[in-house]
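2 protein chains.
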Amino acid sequence: MHNFRAAARVMEKKRRGAAGAPPDRGPQGFQTTPEDPRNPDPDRFYGFVFQDTDFSKWIEAAAYSLAQHPDPDLERTVDEAIDLVCAAQDDSGYLDTYYIINGMDRAFTNLRDHHELYCLGHLAEAAAAYYQATGKDRLLRAACRFADCVEERFGPSPEQRKGYPGHEIAEMALVRLYEVTGEDRYLALSKFFLDQRGTRPHYFDEEARKRAEVEGRPGRPDADPRRYVYHQAHLPVREQEEAVGHAVRAVYLYSGMADVARLTGDRELRAACERLWNSITREKLYITGGIGGTRHGEAFSYPFDLPNDTAYSETCAAIGLAFFARRMLELSPKAEYADVMEQALYNTVLAGMALDGKSFFYVNPLEVHPAACRADARLEHVDPVRQKWFGCACCPPNIARMVGSVAAYAYTENEDTLWTHLYMGSELTKKAGDTLLRLTMESAFPWEGRAKLTVRAETPAVCTLAFRIPGWSTASTITAPDGVRREDRDGYCYLTGTWHDGDAVSLEFPMTARVRTANRKVRENVGKAALTRGPITYCLEQADNGADLHLCRLDPVRISEAESVPAEIGGRPLVMLEVPGLREEAGDDSLYRDYAPAKRKAVTLRFIPYYAWANRGEGEMRVWVRI
Amino acid sequence: MHNFRAAARVMEKKRRGAAGAPPDRGPQGFQTTPEDPRNPDPDRFYGFVFQDTDFSKWIEAAAYSLAQHPDPDLERTVDEAIDLVCAAQDDSGYLDTYYIINGMDRAFTNLRDHHELYCLGHLAEAAAAYYQATGKDRLLRAACRFADCVEERFGPSPEQRKGYPGHEIAEMALVRLYEVTGEDRYLALSKFFLDQRGTRPHYFDEEARKRAEVEGRPGRPDADPRRYVYHQAHLPVREQEEAVGHAVRAVYLYSGMADVARLTGDRELRAACERLWNSITREKLYITGGIGGTRHGEAFSYPFDLPNDTAYSETCAAIGLAFFARRMLELSPKAEYADVMEQALYNTVLAGMALDGKSFFYVNPLEVHPAACRADARLEHVDPVRQKWFGCACCPPNIARMVGSVAAYAYTENEDTLWTHLYMGSELTKKAGDTLLRLTMESAFPWEGRAKLTVRAETPAVCTLAFRIPGWSTASTITAPDGVRREDRDGYCYLTGTWHDGDAVSLEFPMTARVRTANRKVRENVGKAALTRGPITYCLEQADNGADLHLCRLDPVRISEAESVPAEIGGRPLVMLEVPGLREEAGDDSLYRDYAPAKRKAVTLRFIPYYAWANRGEGEMRVWVRI
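Order-wise, the sequence lines are chains A and B. Okay, so the first sequence: first residue is 1 according to the numbering used here, each after it adds one. Okay, so the second sequence: first residue is 1 according to the numbering used here, each after it adds one.
Because the hints were derived from the structure by calculation, they are not lab data. There may be inaccurate statements among the hints.
Repeated chains share a single entry, so a pair holds when one copy, or any two copies, can fit it.
Unchecked claim - Calculated cross-link-like contacts (lysine-lysine; reagent style BS3-like; alpha-carbon spacing at most 30 Å):
1) K599 <-> K528
2) K452 <-> K334
3) K162 <-> K136
Let the hints inform the model, and build the full structure from the sequences given.
Dropping the structure here:
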């Protein structure tokens, strides 16, 4: 908010012809002030270079809320915020407060680190969402003007720059802008950014060289080649085989690739998306639906390196994985995409927020020892309890916009088909010819695998309703009205026919506890198992099982005796799993001793849904348990 | 060598009254050049601020070699080196080339980081060793003059500074200087340094404040309190309970504390040594005798945190642990000290060097996957093969001086007793009254637990010969001449009586493979076991067992069937262990799947001594194996 106000002041002065010299700069760029002081200098920029995006994400989340729950007070607040954003926009269309405040002569000189195009992306997402929610286009026009400003400067013509975003999101946001406005140039710009990425010479080196020239410093290419990997700029995107680098950026990029592949029919790009999807889901996906095995670069680690305690598994990365999954579903409706989307949403994304919605995880490890988090520098990125906020607060508003728009993940459609991917209580409409079908989904998910879709229609209408058969279900019963044709394909049950008022489809996917093991290449999980039930991944928590969870074992002989037990945490109902287990005795105090079979006592291990952990104070947690 | 030459030029100019201005300085100190270029500037300092110590360590190692194998050529080379060192010494006695070259007005202004007193320590160790080996005192006098220069400036008088070394070693080196020269002031200075450490206000903050004043910068106390822990300066040493911080520095400090406790009879200091010893050996010691669980600060981690793959376990730290152990033995001859000393020397210290003596490990992990070392930033400190040298080359010359002086670890004595701690082929003498006993130790260690000590004496003599009964031996047979009285105490067999020419003591400690487990608090080793045999800790290597060592398991039913098999690696004989084991099949390609008992096939697991790993090319290794 502060930065937009400061930028609006700059703009006002500029329009009055009263713009002074920009503020003092450091030798390598501009000063930023990490924290908002109590008495901020009204003319100064505060926070991260990408601070604008928090504001955009808030507008976007508010838009989703307004779409479902109209609220004039909230809408007025958003309109005021939008006025402020528009007031900060330069006449050229440029709209990044960091440069507007600090000096626009350096705009677009550091795409690698300074996140202007990332700011454009979030602005476009917010603008499109608010337009779709309210029909108001003031922010949309501002976003288009900023996009036009970028599109003028970046592109294939000789006089245009050949850059691309350092932090991806503009790729998919420009597609959204294209879909809302119908302006082909936004799709073309997205495709341009995709195709420029990873080409040689590296644009990020070129711009660094130019900056150095301007500043009279020696310019060198980036000394660390991993830096390109970090940005997914190590190879042209069409040649990429493995999901690498910063995990959030990666899935944002892949989402944009999938969007462009869908809209342009680009088979090469689509094949790259499929390869990258496979790289993630076959080699780099936590059983919690999280991604990003290492905090070094907040990145994907090498294949099958899925450490539990040092995991990064950023909340935003799981959100981004859901973005990617939904776009893969749009490219090709296969249940495997929805399975992973569901896994990410119901586990890591939900874990990102406390049950009361008031505190957040940025990092989502699969094993936590609070004492170790405090004592061990290797775990300094791991919080054993959720935090109220973060200096870099990307995750909380990202959860808000995901939760607000979850319907778009539950359902996709084309002219004649509506796909149900996630089973959640909802009401929706589907145009079928001239008829509007009004559909009501009742669901007992995620605790019971029962769902029922009821059709209301003034006149009978022909269309296909497709229902995902979850990958975790070992049996399914789907009951459809007589005369509806059923075809199962790629994990979906397609029901095609004439739908009448009152028709219903009942779905039953029995949920039982499953004991899962990891691929043997995941070294850390050899000899361990994890429990899942339906879409939910479970964990042991100290609150239910005492400390020293590493001494708990599943009993391989009685492993099938898991019982589902209704319970409540933080006032929310959920299903716990009770499983016969063993607890090893701690033994004597010696550091090393001769082997003797461990003394064990039979215990009942109590598992709770992973997303619900750390809602009862600080304690140990682990997903993977010895067997 | 270069720096001593450059410093000698400075001194020569100074004596001629021709000293110019010191070279340009950076704002925070001096320029150092990390690597020696091909055409070095003869007037410039190169390398780390503590570069002098490499030279001192080389002289010390050469001295030990000369003591055992006289070599006029080597002695001449050392004498020339000593001439150079002496030529670099300032008239004040000051002798650290970093400040001599860069400007002595800043000497002793940054004890925390600039390692002058560390340089003094290594110089004193070298000087004492060379004096003891050759009787030549030129370097000893130089070291004393430097020590006197320090002693004049640091001490309890109001006008003296209250500092202490940032990197410990001066504490024990000054004791050695005291023992060689008989000058009480060196012992007093050592004790002063010990007692100053950890007092408030923190000296390192005070000196930082003064530096800031001089340089016109704002001075602030160290923002990170872990910084004090890193230097073992978080508490007065007498109050310390837990071994913390940089592991090498820690055990160097504790060694100095044990020295001073022994020579002054200081019971409080001794009690602190015992507590710190217990902290290491009961909670922080790898089964390889290594210490330092984390690369962050190259430091001890929290109790029972002994990760295998990310271990630091620096070679120098294991050497320092042997220093500490030997000094604890001198304080109080208990076999537990010698057990740990042996464990460190035969495993991590030996592992620090290739079997051909030509390459070195700095870091000694207990589990290595070469591909992970390359791909994972968390393992960037781990080399999967030994390196020819290091930028910071502390370890290789430290191994050289340890190997050269190992006799001092095998035996200690007082007037009437000679203790044998380590069984290695050796010849030595023991004064017993007026008689000189000539003793020959023949030993089959470390492969067989047989040793025999034969006495040569011109006239019979009374004394006590004490022999360690290794902690790893479950049975022992010690055969002594008739009439010698045997008493067992603290893990030593004391044989007291009159020794005649030709008397012999035979010792037999049967060595068998032992299967060891770690305390259950060592989370990483739950469900795993390690093999030892006598003093040797074993490991699995890919060369003998194929890749994917994490799929290998010991068979708990047949665990006692380990066979010792003579073998050879790199032309060196050793004993391998062959143990019935199981290898799990890798399974299908899916990342997660339903639990099914793993398919296993019976295999023979082949273990080699840990110290011999990575002598047959690059491959996986692990000490702790699933059971």
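Results for each hint:
no. : hint          : verdict
1   : K599 <-> K528 : both (19 Å within a copy, 15 Å between copies)
2   : K452 <-> K334 : within (21 Å within a copy, 76 Å between copies)
3   : K162 <-> K136 : neither (33 Å within a copy, 72 Å between copies)
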